[in-house]
Amino acid sequence: MKHTLQQIFRSPKFVVGFSIFMAILLIVLIYPLFITDSPLKIIGQGTFFPPGIYVSAYDSLGAPKFTLNLTDAAAKRVADKLGDQERADIRDWLVADGIPETEIDIHNTEKLLEQWAQNYDPNKKIPGMTFAKQRYYQRLDESLKGLLSKEGAIIAQKNTETGALEEAEIINQTDYVNIDQVASVRVLPLGTDNFGRDVLTELVAATRTSLQIGLVAGLVATLIGLTLGLLAGYIGGTVDDIINFVTNLFIVIPSFVLLILISYSVGQESRGAFLVATVIGLTAWPWTARAVRAQVISLRNRDHVNLSKLSGHSIVHIILTDILPYIASYVIMALILQISSGILAEAGLSILGLGPKTTEVPTLGLMMNWAMIYQAHVQGRWWAYFPVLMTIALITFSMNLMNTGLDQVFNPALRD
Amino acid sequence: MPSDKKICLSTSGLTKIYGFGAHRTVAVDHVDLKLYEGEVVSIVGESGSGKTTLAKMLLGLISSSEGDIYFQGVKRDISSQKKKQEYWKNIQAIFQDPFSSYNIFNKIDSVLLDCIHMRGGRNLSREKKVELMTEACSFVNLKFEELTNKYPFELSGGQMQRLMIARIFLLKPKILLADEPTSMIDACSRATILDMLMQLRKEIGMTVIFITHDIGLAYYVSDTVYIMEHGRFVEFGSADEVILQPREPYTQRLINDVPKIYEEWDLSTV
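Those protein sequences? They're chains A and B, same order as listed.
FYI, the numbering for the first sequence is 86 to 501, going by my numbering.
FYI, the numbering for the second sequence is 1047 to 1316, going by my numbering.
Treat the hints as calculated values from the structure; they're not laboratory data.
Check each hint, because a few of them may be wrong.
Claimed, not checked - Distance ranges between label pairs, derived from CB positions: (1) Asn386/A with Glu1083/B: 26 to 32 angstroms; (2) Glu1092/B with Ile338/A: 47 to 53 angstroms; (3) Ser1093/B with Pro410/A: 27 to 33 angstroms; (4) Val101/A with Tyr1064/B: 43 to 49 angstroms; (5) Tyr1064/B with Glu354/A: 52 to 58 angstroms; (6) Arg1172/B with Asn386/A: 44 to 50 angstroms; (7) Lys1189/B with Asn386/A: 29 to 35 angstroms; (8) Val101/A with Arg1070/B: 47 to 53 angstroms; (9) Ser1093/B with Ile320/A: 28 to 34 angstroms; (10) Ser123/A with Arg1172/B: 57 to 63 angstroms.
Ideal placement from N, C-alpha and C gives every residue a C-beta, glycine not left out.
All chains should be built: construct the whole structure from the sequences, respecting the hints.
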C-alpha cells in the first residue's frame, strides 16, 4: 500500500494533475475565510463592471492629500479623454463644418481644442449625421470642457440654512491620495457579472458547488456501476444477461438526452444542486458497470478465487476480499473520470437552462448560462465567462491527468 | 486394483462442453473414473486434454454438462452454499501456479486461519491457533514465526507451494486434487514438495488425484494412471501396466516425450 502510494507520487502526470486539483481545492476552501460575502450578493448597480480596483470616490475626498508634481500627469489626463479615435472624430466634424482638412493637425492638442471650441455648436445640424452621432459629439464636447485648464476642482457644500453652495475644498490637479488611506476600496479582480455580483467570489462558490455535484454524481454512478458490474461479472448466467440488457439499454439511449428529459420532468422548482447531481449519476453508470463486469469476469476464474471458494467463503466475502481489492485501482480511476464528467454534464445541463435552481447556489454551468443569456460573449465581457471556462477546463484537465498517471502506475505496460 | 477397498469418488459419463455452434468444444467427453480410498491416481495428458476442466468439475467449481459424480457411493449434492462447504471439507486442491493461488492483499496468516475456521476451530484461543499453524508450517519445513504478518509476494514460489501443503495439513481432507503442483517449481524444490505430499498422504490417509503432463512424475507417485487425450481416458490401469507396457500410441508418445538426461533429445517427436 505504502509502496503503491510512493509510486503514484513518482508519476509526473499524477503529480501535476494532483497539484492543480489541490490548488483549486485549497482556493475553494481558503477564499471564503477571507471574503465572507455571500457569493450571490448583488453589489454592483448595473451589469458587467470590468475587473479592477474600485476606490470610493466619496472617501477619497476626505483622505489626506499629497502633492505630487508629475510631468506626465497632464498628458495622461488629456490622452484619457482625447484618444486617437476622438481626435479623428473631431477632425471629421470640423471638416463637415467646412474647415479645410489641411488646416487641421490632429496631433497638436492645443490647436485642435481651440478650433473645436471656436467652431462646435451643439445645435448645428450637419446633413447626413444620425441623431446618435449628434449625441456622441455633445457628450464629447462635455468631457473636453476644461481639459487644458490648470485650475483645480472646487468641492462645494450646501449650507443647510440658506441653501447656498459654499466652497468647502479645492482639489488641485497635483493632489493625490494614497489608496491605503482611502477608507473603502474594493478589489474586483474579475469584475462583476450581469447581476452586479463579484465574479471571483461567485466563481469560488460555484467551483465548490460544482465539485460537490461532481463528487456526488461520480459516487452515485460509480456505486451503481460497481454493484451491477460485480453482480453481473461474478454471478454470471441469467443475472448477467438481465444486467447486461439494462446496461445496453442505457448505453444505446444517449445519456445526455436522458439527462435533459429527467431534468425537465423534475421541474425548475424542485431542482436543487444535489438532485441534479444524483440525476447525472443515475445516467452515467453504464460504462463503469461494463468495465467492472469485464474485469470481474477475468478475475472470477483465478486460482485465488477458487481457493477462497474451497475455503468455504460466501459469495459476499469473496466479492469483498478477493475481487474488490483487485479492481479497486480501476474503480478509483473510473471514479475520477466520473467526477470530471459529472462536472461537465452539470455545465452542459445548466447552459441549456436545465441546471439547478438559479436562486440558491451558483454553479459553473449556471454562471455560463447567465453570461450567455446576457450576451457577455457578444459584448466582449470576457470576465463573465472566460474564468469559468478556464476553471472547468482546469478541473477536468487535472483529473484526467491524475487518471492517466494512475493508469501508468497500475498498468506497467503503459509506463514510458 | 484393490477390490476390497471402498470407492471414494467416482464419475459416470462426466462431460463438459464449452460454447455452442461453431465454437462448441468438448473439453471432457464421457469420462468414467473410479477412485478407491487411500490410493494415488494420476491423470496424465498434454495441455488441452481436459485435465484441469475435469479437476474443476470434481472440485465442484464448475458444473458439468452431462454425467454424474458420486462421492462415497452417493450422488454428490452441492446445490447450496452450505452443502458446498460440507463437500469442500472432504475434497481440497493444490493449484498449479502458487503465485496466483494467493490473494495478494491478505496476509499469509489468513490463509491458514481460514483452514482452522473451516475445521470448526473458530472459537479456539489465539494461542491454540498459533500452535496449530506452527505445527502445520513445521510439517513443510517452514517457520511460522518468519511467515506471520508477511504478504504472499514476500515468499518464494517453493515456499508458497509448501504453504499450500501446510494448508492441506490443517484441513485434512479425504481427497486431495493436486493440479500440476510442481510444474511451476524448480527441479530441486520439486522433489521436496512431492515427498512432502506423499508423506502427508501417508499421515492422514487421504486419496490423492495427481494431475500432470509429466508421465515420469506420475509413475513415481501413483498407484493407478489414467491417460487422457482430447477429453477421454484412452488408457488406464496400474502404474506399472500403463507405463511399462503401454498399449496406446498416445501413451508411448507421452513416455518418449520425457527428457532423459543420458540421451540426446529427439525433437522430431515433439
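Hints, one by one, checked against the model:
In this structure, Asn386/A and Glu1083/B meet the distance hint of 26 to 32 angstroms, their C-beta atoms being roughly 31 angstroms apart. A beta carbon spacing of about 50 angstroms between Glu1092/B and Ile338/A agrees with the range 47 to 53 angstroms that was offered as a hint. The hinted window of 27 to 33 angstroms between Ser1093/B and Pro410/A holds, with their beta carbons roughly 30 angstroms apart. Look at Val101/A against Tyr1064/B: about 47 angstroms separates their beta carbons, and that is inside 43 to 49 angstroms.
At about 57 angstroms, the beta-carbon gap between Tyr1064/B and Glu354/A stays in the expected band of 52 to 58 angstroms. The hint said 44 to 50 angstroms for the Cβ distance between Arg1172/B and Asn386/A, and at roughly 35 angstroms that hint is violated. The given range of 29 to 35 angstroms is respected by Lys1189/B and Asn386/A, whose C-beta atoms sit roughly 33 angstroms from each other. For the pair Val101/A and Arg1070/B, the beta carbons lie near 52 angstroms from each other, so the given range of 47 to 53 angstroms is met.
The hinted window of 28 to 34 angstroms between Ser1093/B and Ile320/A holds, with their beta carbons roughly 29 angstroms apart. The hinted range of 57 to 63 angstroms is satisfied by Ser123/A and Arg1172/B, whose Cβ atoms lie roughly 58 angstroms apart.
This entry does not satisfy hint 6, going by the numbered hints stated previously; all others are met.
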